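Student: The chain contents come next:
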Amino acid sequence: DARVTQTPRHKVTEMGQEVTMRCQPILGHNTVFWYRQTMMQGLELLAYFRNRAPLDDSGMPKDRFSAEMPDATLATLKIQPSEPRDSAVYFCASGFKDNSPLHFGNGTRLTVT
Amino acid sequence: AQSVTQLGSHVSVSEGALVLLRCNYSSSVPPYLFWYVQYPNQGLQLLLKYTSAATLVKGINGFEAEFKKSETSFHLTKPSAHMSDAAEYFCAVSSGGYNKLIFGAGTRLAVHP
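Top line first, the protein sequences correspond to chains P and X.
For the first sequence, position 86 matches number 86 in our numbering, and the numbering has no gaps at all.
For the second sequence, position 33 matches number 146 in our numbering, and the numbering has no gaps at all.
Only chain P is shown next, with the shape it has when bound in the complex (with noise of 0.2 Å):
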């Protein structure tokens, strides 16, 4: 059963450390999304990918905030310099085809103190 692989589950870091959440998304999906879930916010956008190229990324913090895609089976999404309000669990998902649904991952819970 094929599945979107985010890693780590769980990090915790101070204020103003680096962190860096990875997915690997379902083999053959070229779109790749980042999400993020806040009780406050709900589920908000942060950024998405199609073959690789990022199309949005509107919903980021662009100070602080990047995502990449090194290559096909790897997403990345960094935060330098960390800050309380970054506390959430980001998701990332992949599709393959418009309109077609999306497949999540577990998510990383990252709470920075």
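Hints in this document: simulated from the structure, not taken from any laboratory.
Every value quoted in this text rests on a predicted model; they were computed, and no experiment measured them.
Glycine included, C-beta positions come from ideal geometry on N, C-alpha and C.
Any given hint might turn out to be false.
[Stated by the list, open to error] Quick list of simulated restraints, FRET-style, between CB atoms:
id, chain 1, residue 1, chain 2, residue 2, range
1, X, L120, P, M15, 36 to 46 Å
2, X, N174, P, E44, 18 to 28 Å
3, X, V142, P, E44, 35 to 45 Å
4, X, I173, P, A72, 43 to 53 Å
5, P, R22, X, E177, 30 to 40 Å
Starting from the known structure of chain P, arrange chain X on it as the hints suggest.
Tutor: Quick look at chain X alone, frame taken from chain P:
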């Protein structure tokens, strides 16, 4: 722009009772609509999807949803709730191709004996 509104952030039902979770959408083009379920500490799993083939869509775990264009609604139902249905449910609309999903705020379903 597309959007989704889920009426009721919390719904509580008795085991065996009807489940009804409400979703209304706004879309300038024929929408693709989805329901996802999220169990604690997990990612989102697809319950069902509407892609214009049929207005009544059957999904997993006994859930179904009916697309009503005149009411711009896509409510989720299940005839008889089970304890294992307790989770958070998200309605989503596909926006502008590229699988980009816009999510509602979610409805937390509680099932009591």
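Student: Each hint: holds or not?
Tutor: Against the structure, the hints come out as follows:
1. At about 38 Å, the beta-carbon gap between L120 of chain X and M15 of chain P stays in the expected band of 36 to 46 Å.
2. Checked against the given bound of 18 to 28 Å, the beta carbons of N174 of chain X and E44 of chain P, roughly 27 Å apart, stay inside it.
3. For V142 of chain X and E44 of chain P, the Cβ-Cβ distance of about 23 Å falls outside the hinted range of 35 to 45 Å, so the restraint is violated.
4. In this structure, I173 of chain X and A72 of chain P break the distance hint of 43 to 53 Å, their C-beta atoms being roughly 29 Å apart.
5. For R22 of chain P and E177 of chain X, the hinted distance range of 30 to 40 Å is satisfied, since their beta carbons lie about 37 Å from each other.
Checked against the numbered hints above, the structure breaks hints 3, 4 and satisfies the rest.
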